[in-house]
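J.: Once you have looked at the hints, place chains A, P and U on chain Z.
There are 4 protein chains.
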Amino acid sequence: MPSRSTETEHSPAQSELGLERIVFFSDAVMAIAITLLAVDVRVPEIAATAARAELPARLAELSPRIMSFVISFVVIGIYWMSHHRYFSFIKRFDFGLMALNLLFLMFIAAMPFVASLLGQYPSLPIGVVGYAADVAAIGFSLGALWWHASRSHRLIDKSLDARTIRAMNLRALGAPVIFLASIPVGLVNPFWGMVVWWVSPLVVFVAARLATRR
Amino acid sequence: MPSRSTETEHSPAQSELGLERIVFFSDAVMAIAITLLAVDVRVPEIAATAARAELPARLAELSPRIMSFVISFVVIGIYWMSHHRYFSFIKRFDFGLMALNLLFLMFIAAMPFVASLLGQYPSLPIGVVGYAADVAAIGFSLGALWWHASRSHRLIDKSLDARTIRAMNLRALGAPVIFLASIPVGLVNPFWGMVVWWVSPLVVFVAARLATRR
Amino acid sequence: MPSRSTETEHSPAQSELGLERIVFFSDAVMAIAITLLAVDVRVPEIAATAARAELPARLAELSPRIMSFVISFVVIGIYWMSHHRYFSFIKRFDFGLMALNLLFLMFIAAMPFVASLLGQYPSLPIGVVGYAADVAAIGFSLGALWWHASRSHRLIDKSLDARTIRAMNLRALGAPVIFLASIPVGLVNPFWGMVVWWVSPLVVFVAARLATRR
Amino acid sequence: MPSRSTETEHSPAQSELGLERIVFFSDAVMAIAITLLAVDVRVPEIAATAARAELPARLAELSPRIMSFVISFVVIGIYWMSHHRYFSFIKRFDFGLMALNLLFLMFIAAMPFVASLLGQYPSLPIGVVGYAADVAAIGFSLGALWWHASRSHRLIDKSLDARTIRAMNLRALGAPVIFLASIPVGLVNPFWGMVVWWVSPLVVFVAARLATRR
Chain Z
1 MPSRSTETEH SPAQSELGLE RIVFFSDAVM AIAITLLAVD VRVPEIAATA
51 ARAELPARLA ELSPRIMSFV ISFVVIGIYW MSHHRYFSFI KRFDFGLMAL
101 NLLFLMFIAA MPFVASLLGQ YPSLPIGVVG YAADVAAIGF SLGALWWHAS
151 RSHRLIDKSL DARTIRAMNL RALGAPVIFL ASIPVGLVNP FWGMVVWWVS
201 PLVVFVAARL ATRR
Chain A
1 MPSRSTETEH SPAQSELGLE RIVFFSDAVM AIAITLLAVD VRVPEIAATA
51 ARAELPARLA ELSPRIMSFV ISFVVIGIYW MSHHRYFSFI KRFDFGLMAL
101 NLLFLMFIAA MPFVASLLGQ YPSLPIGVVG YAADVAAIGF SLGALWWHAS
151 RSHRLIDKSL DARTIRAMNL RALGAPVIFL ASIPVGLVNP FWGMVVWWVS
201 PLVVFVAARL ATRR
Chain P
1 MPSRSTETEH SPAQSELGLE RIVFFSDAVM AIAITLLAVD VRVPEIAATA
51 ARAELPARLA ELSPRIMSFV ISFVVIGIYW MSHHRYFSFI KRFDFGLMAL
101 NLLFLMFIAA MPFVASLLGQ YPSLPIGVVG YAADVAAIGF SLGALWWHAS
151 RSHRLIDKSL DARTIRAMNL RALGAPVIFL ASIPVGLVNP FWGMVVWWVS
201 PLVVFVAARL ATRR
Chain U
1 MPSRSTETEH SPAQSELGLE RIVFFSDAVM AIAITLLAVD VRVPEIAATA
51 ARAELPARLA ELSPRIMSFV ISFVVIGIYW MSHHRYFSFI KRFDFGLMAL
101 NLLFLMFIAA MPFVASLLGQ YPSLPIGVVG YAADVAAIGF SLGALWWHAS
151 RSHRLIDKSL DARTIRAMNL RALGAPVIFL ASIPVGLVNP FWGMVVWWVS
201 PLVVFVAARL ATRR
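First to last, the sequence lines map onto chains Z, A, P and U. For the record, in the first sequence the residue sitting at position 132 is 132 according to the working numbering, with numbers rising by one throughout. For the record, in the second sequence the residue sitting at position 182 is 182 according to the working numbering, with numbers rising by one throughout. For the record, in the third sequence the residue sitting at position 138 is 138 according to the working numbering, with numbers rising by one throughout. For the record, in the fourth sequence the residue sitting at position 71 is 71 according to the working numbering, with numbers rising by one throughout.
So that you can see chain Z by itself, here it is in the shape it has in the complex (with noise of 0.2 Å):
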């Protein structure tokens, strides 16, 4: 198994930095793609003559894209957070998890761009069709990570349970389900969809609530 030959090839110490470089580098990405996402607010130029007028009005035009930064960072905010919990529980590192935390790291970079096209066509399917599907592939890249680094235990923490393991993937399901399913109902009515969302924040930070509270 690579996983194994992995943690004999490395001694414990190389591991714990190699693992922290892995770690960082999330940290990296997710903190400049939650930050590029206000780059897309852009003041709009007007000449000085006409800005007195027309300025509020411009800027009650962005509100939708002000939205779109909104939700868009609870999204990445939320995610780096069941990032920060999962790695707490991660020893050990391998090619699978490296590969799987890039491919969870390319949605996350593509966030920026889906938010944009919501940001500019809330009121289209394919805005709110597009940002419905790179969060569910975020929650399911991280969710196939965890899994592939909880299976038997593999590259994490003997002392956890195998019953909190089973609700931890569980778990990493609710939000990239709730966002798939809402592919259809977006579809059909972009409105519908988006009101499908705010329920799954909602429900997600209920869920990471009580997870840390037990």
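Do not take every clue at face value.
Heads up, the list lumps identical chains together, so a pair's fine if it works in one copy or across two of them.
Said to hold, decoys possible - EDC-like cross-link-like pairs, simulated, lysine to aspartate or glutamate; straight-line CA separation at most 20 Å:
(1) Lys91 <-> Glu16
(2) Lys158 <-> Asp94
(3) Lys158 <-> Glu54
(4) Lys91 <-> Asp157
What the hints contain is simulated information worked out from the structure, not anything from laboratory work. It should be emphasised that the depicted structure is a prediction, and the values quoted were computed from it without experimental measurement.
T.: For chains A, P and U alone, kept in the frame of chain Z given last:
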């Protein structure tokens, strides 16, 4: 209490690594936001033949944006130093700390937008008011984080005495209250709204200086 | 020898911190470059009335840019993993290592540019050739870094045997040689130039897999 | 003295973590600035039918920007190495160090702007002068930081002898003095202003090399 249970769930070593990631992620977001401030100061595109004659005047037009860059750099710099100081006392984390920290970072990520608004429309109330509102939100969210962490020594060093904590809570409100107060002034007269701010960093700088000295 | 003297000047603890900063700085540059790749995939601006009809076609036009984003993400991801692997053996640093690392990072920082060139002009020789040249430069500079570090165990772990080092040196040349070879092919026919690449990541992936397994 | 009191207030462990955050934040800002340099080199947008004929000429027009990217990468790279070297001796921090470090980072964050100015208008005095002024400001602020930290061993290792400190203070002035000197030259003739710089990195490189060797 959730914070207590976090303490018992994670071993001290795990808690330390988890805390380090929170600090790290915050530093990365603040570093990106502070560097993106300069991106708004764009070099004007002028045809080669006209450049020699027009460039100096066009660069002079950038002066409000450059001023906005410098003020915003100082603002984020000061809040980075405050964050640095608070987290030198914080020893544990819970869900509330992470959520409040993400809220603080969301307002930090919005700085390039409001800085651009101010740089482009410094003589309109909306530029001054939007900027003041974001800085106030940054200050209040960081103040709330410290209040949450320090209340009955929940997440901080037991050695910090109650009087120092109270003083730090009060001081945290200084800057955001000044920026909040500048909003009505800025609505009437944008210039005087900005004059109120120049007092604010001065006050914070001196306060921070005194705090380090004690 | 400069590297020797660095060893004697700094205590082992200092050297470790210094090495950590090099690794950290590299991770940050790679994280930014990999996230900026997505910035080139811009949402088309269409008037509200025409958006419903035109958006799908306009998004379809983005497909070469999306393909370029995915390839480039994989390329930087693979080189991040190589960098990660090499530095798990590197224990000391000297001026040459820092300079070669900066050279490697300069070619990484150029990736968003060549990815944009390829995404915009995938059917022109110049897009394919520019891209291949940058990836080859990334590979050769990282190979030179490893060669510099591993030559007579200058900066690496004494425990790594000469045969493994030689194998790693050879393997480092695999990808850049393939990309270099794709340049004349791409000059004649851009499409076949790209076909050459698709072989390359496959080869590197399999090689990395085998390397981890041993 | 403020620096003394910081030392007594924080335990050595806290001081180390605090110092690590300063270094980390600086690395992140420098990494972002160095990567954003490439963002200014934008791929020209040409209609599909004209692209084959026009693209080579349009890319050739980018050569001053590419040259500006390379010079600026080398400049930030060299200053990152200086920062790296200085902080390998710095063991404590105070308010002055943080403020001077932020000042240094502000001039680093301005590099993409002045690099863009130089890349767009390399034959105008203003491009050369603006660039030289920013590089001089970077050099002087980092020099001031080292002077502040090393004066009577305030924040540094006691083991560093006074002669080495004096030599490092002098060497820190080398590059900024050259760039300052290039300003009057550049005002008269931009080309010769730039010739002065090419001498500068060479001098710094050789000096850094010699410094590492000793």
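J.: For each hint, tell me whether it holds in the structure or not.
T.: Now the hints, each set against the structure:
1. Lys91 <-> Glu16: both (7 Å within a copy, 15 Å between copies)
2. Lys158 <-> Asp94: Answer is within: at 17 Å inside a copy they meet the 20 Å cutoff, but 23 Å across does not.
3. Lys158 <-> Glu54: neither (62 Å within a copy, 55 Å between copies)
4. Lys91 <-> Asp157: within (6 Å within a copy, 23 Å between copies)
Hint 3 from the list above is the single one not met by this structure.
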